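Protein chains: 2
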Amino acid sequence: MSTHAFSPPQRTLMGPGPSDIHHRVLLAMAKPTIGHLDPLFIGMMEEIKSLLQMAFQTQNALTLPISSPGSSGMEACFVNLLEPGDKVIICQNGVFGGRMKENALRCGAKAIMVEDEWGKAIDLNKVEASLKQHPDAKALAFVHAETSTGVQSDARAIAGLAQKQGVMSIMDAVTSLAGTPVEIDEWGIDAVYSGTQKCLSCVPGLSPVSFNECAQSVISGRKTPVQSWFLDMNLVMGYWGSQSKRSYHHTAPVNSLYALHESLRMLEEEGLENAWSRHEQNHQALRAGLEVMGIQFVVDSADRLPQLNAVAIPEGVDEAQVRSTLLNDYDLEIGAGLGPMAGKIWRIGLMGYASRKRNVLFCLNSLESVLLGQGLSLDAGAAVKAALAVYQ
Amino acid sequence: MSTHAFSPPQRTLMGPGPSDIHHRVLLAMAKPTIGHLDPLFIGMMEEIKSLLQMAFQTQNALTLPISSPGSSGMEACFVNLLEPGDKVIICQNGVFGGRMKENALRCGAKAIMVEDEWGKAIDLNKVEASLKQHPDAKALAFVHAETSTGVQSDARAIAGLAQKQGVMSIMDAVTSLAGTPVEIDEWGIDAVYSGTQKCLSCVPGLSPVSFNECAQSVISGRKTPVQSWFLDMNLVMGYWGSQSKRSYHHTAPVNSLYALHESLRMLEEEGLENAWSRHEQNHQALRAGLEVMGIQFVVDSADRLPQLNAVAIPEGVDEAQVRSTLLNDYDLEIGAGLGPMAGKIWRIGLMGYASRKRNVLFCLNSLESVLLGQGLSLDAGAAVKAALAVYQ
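Protein chains in written order, with the UniProt record's numbering: chain A, 1 to 392; chain B, 1 to 392.
None of these hints come from the bench; they were simulated from the model.
In this text the structure is predicted, and so the values were computed from the model without any measurement.
Mixed in with the good hints there might be a few duds.
In this list, chains with the same sequence are indistinguishable; a pair is considered to hold if it fits within one copy or across any two.
Claimed, not checked - Calculated lysine-lysine pairs in the DSS-like style (CA-CA distance at most 27 Å, straight line): (1) 101 to 245; (2) 101 to 223; (3) 31 to 357; (4) 223 to 110; (5) 344 to 245; (6) 245 to 110; (7) 344 to 138; (8) 132 to 101; (9) 223 to 87; (10) 357 to 385; (11) 385 to 132.
Take the sequences, apply the hints, and build the full model.
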């Protein structure tokens with residue numbers, strides 16, 4: 001066997017993540033590797049912690065990136081906060097609530113499910129009722145931005161209900177962070193995890209997390225050891241904690257952290273609120289164009305995520321063929337549906353660096369061409385015109 | 001707060017890892033990100049699997065990189081193969097055997113420890129006795145190359161003893177893989193994990209693992225679910241398994257996998273046996289130079305790892321000062337001792353791309369200068385001369 005160098009094409013990434021990555025971030029990652037205990041590296045880790053506090057809008061000291069993808073950030077929250085026999089209320093309105101249940105069960109916890117239809121926001125009344133029915137619940141877990149359906153739920157209100165009952169809140173902010181307001185301290189979220197490959201526009205593979213003092217005291221006061229050695233925050237803190245006294249836990253993914261540092265710097269330069277506005281504006285432009293093409297959104301307008309546009313596949317269209325033509329002829333990736341949504345929806349991401357005018361127009365034109373090729377009757381050029389009007 | 005771009009110096013990495021990384025690998029990582037379900041990416045994943053089979057010298061179908069550092073490769077082996085109540089024999093002769101114990105206990109397993117002095121190879125007689133005393137043990141776990149002490153144990157013999165008793169073997173090959181012979185099939189190892197930042201000279205953050213059919217059947221026949229959702233090989237296989245039918249599990253660290261692909265390609269180009277010989281030759285040259293300087297190895301010559309040279313700190317030397325001068329004035333990182341070895345030894349790595357003549361000579365000269373500066377009486381230039389003689 002003799003393999004060749006891998007030469008990936010320059011795709012436009014408008015699926016559910018990874019999103020487009022700015023060359024500043026890619027080049028940061030190619031800088032020379034230094035040791036994971038090097039004082040210069042430790043200085044950079046401190047900056048990452050501060051920048052993540054900015055992104056999460058929190059003062060939580062325990063704010064850092066886990067050295068593995070968002071899925072393990074979810075696992076880090078569950079295995080650190082739950083012990084066997086604990087009861088946790090989990091809101092499910094898509095794939096990721098179901099994954100939370102899997103995690104809770106594997107911790108030996110009891111999962112009380114509050115279910116909503118896929119594509120609908122979490123129903124606050126059901127959450128309130130479940131909290132009242134289960135006053136002994138230790139935590140309430142929910143997904144802020146469901147990547148599988150493009151719906152966002154009212155995180156502030158959900159966390160408020162949990163707080164009123166003295167129940168900890170665990171929030172999935174994988175797709176929301178930096179794309180739509182996430183305000184950990186203001187909302188009173190106790191534990192949160194995210195991913196780097198969505199609206200932070202960094203490479204996949206890291207999971208920023210943040211725990212407030214209440215969550216920290218739950219972790220340090222556990223009766224049983226955390227079932228994961230790698231994700232045990234008591235140990236992780238020994239490495240990420242105080243700058244003056246770092247101890248070896250695992251070897252940090254040095255170059256991926258260079259990338260995260262640079263992507264967070266770009267967010268800082270733009271300003272968090274400007275990033276939120278940009279995501280909203282590009283979403284409105286894409287929406288205007290799609291509507292002209294007769295493509296319907298799956299989610300009610302009030303609950304739509306600007307960074308993840310879930311739309312129904314027009315009738316008579318071979319959806320897999322459309323996606324593969326977009327990928328092969330246009331180097332444009334859009335996402336398929338997951339689970340029960342497979343074959344029924346597309347997920348068009350406008351996340352991070354992918355959320356820009358050029359991508360909106362490129363996507364509308366490319367999709368229009370491919371749908372015209374499949375015989376749909378469309379007013380050519382009208383979609384882009386409608387989108388452009390939004391930018392004026 | 002306004003942060004600056006991080007600009008790491010060009011260190012020479014001769015600690016216990018990460019090791020020097022070739023620019024081919026760093027540049028591969030900066031290539032444009034594509035989707036983790038992109039057919040082109042999936043094709044590259046297939047090549048990584050084949051290349052890892054070459055590196056591990058195995059035909060095991062279940063050979064792939066876990067999307068997180070070596071520590072979680074260890075955890076992946078333990079949480080997949082052990083269930084609560086299982087008994088596992090663990091050989092400990094350094095830090096990492098102790099970490100295995102931690103992992104086993106967190107799985108609810110019972111750990112039978114076979115302890116050897118730090119810096120000594122695992123005693124085969126003790127292993128044999130423990131296997132006889134515990135015929136009901138499910139697995140025997142051991143570290144092939146102890147990164148904390150620079151000792152290698154006789155993996156073939158240890159695995160042979162386990163096999164004779166019908167006990168599965170789990171091997172830590174974090175520091176050995178690609179630096180010294182590792183022959184999974186020939187030795188009959190059932191499960192093995194490694195890291196990317198040692199002799200593969202790739203970025204830290206991934207953990208290659210391999211499970212044979214026996215280990216696979218143990219995993220698929222479990223009575224209880226794997227306690228980690230993220231590391232559950234039954235699920236990971238759905239993503240890494242058959243090329244024709246990939247299902248989403250987690251978002252793979254796309255760009256880090258580009259880097260691994262390129263580093264494995266470089267290993268393939270050199271040839272695995274040539275890589276082993278190179279590590280051995282550079283070790284002999286460094287050894288010759290260090291001995292001329294009066295620096296003693298900690299490990300008996302028969303059990304030394306060529307890629308990790310653990311040496312006693314000469315008397316009268318401020319060891320932390322030496323390391324920090326090497327780092328600050330020479331951009332040269334060497335490793336400190338861990339645990340009971342802290343303050344007593346240095347660990348000089350010659351791993352992967354760091355295992356080259358230039359590094360051997362640079363390290364000897366730099367160390368000589370710094371030790372002369374601390375007042376040691378040395379025959380200046382003699383160390384390099386002795387090293388050069390080895391290359392002739």
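Each hint, compared with the structure:
no., hint, result
1, 101 to 245, "between (37 Å within a copy, 25 Å between copies)"
2, 101 to 223, "both (22 Å within a copy, 19 Å between copies)"
3, 31 to 357, "between (30 Å within a copy, 23 Å between copies)"
4, 223 to 110, "both (17 Å within a copy, 19 Å between copies)"
5, 344 to 245, "between (53 Å within a copy, 19 Å between copies)"
6, 245 to 110, "neither (38 Å within a copy, 33 Å between copies)"
7, 344 to 138, "neither (37 Å within a copy, 47 Å between copies)"
8, 132 to 101, "within (20 Å within a copy, 42 Å between copies)"
9, 223 to 87, "both (15 Å within a copy, 23 Å between copies)"
10, 357 to 385, "within (12 Å within a copy, 63 Å between copies)"
11, 385 to 132, "neither (51 Å within a copy, 79 Å between copies)"
This entry does not satisfy hints 6, 7, 11, going by the numbered hints stated previously.
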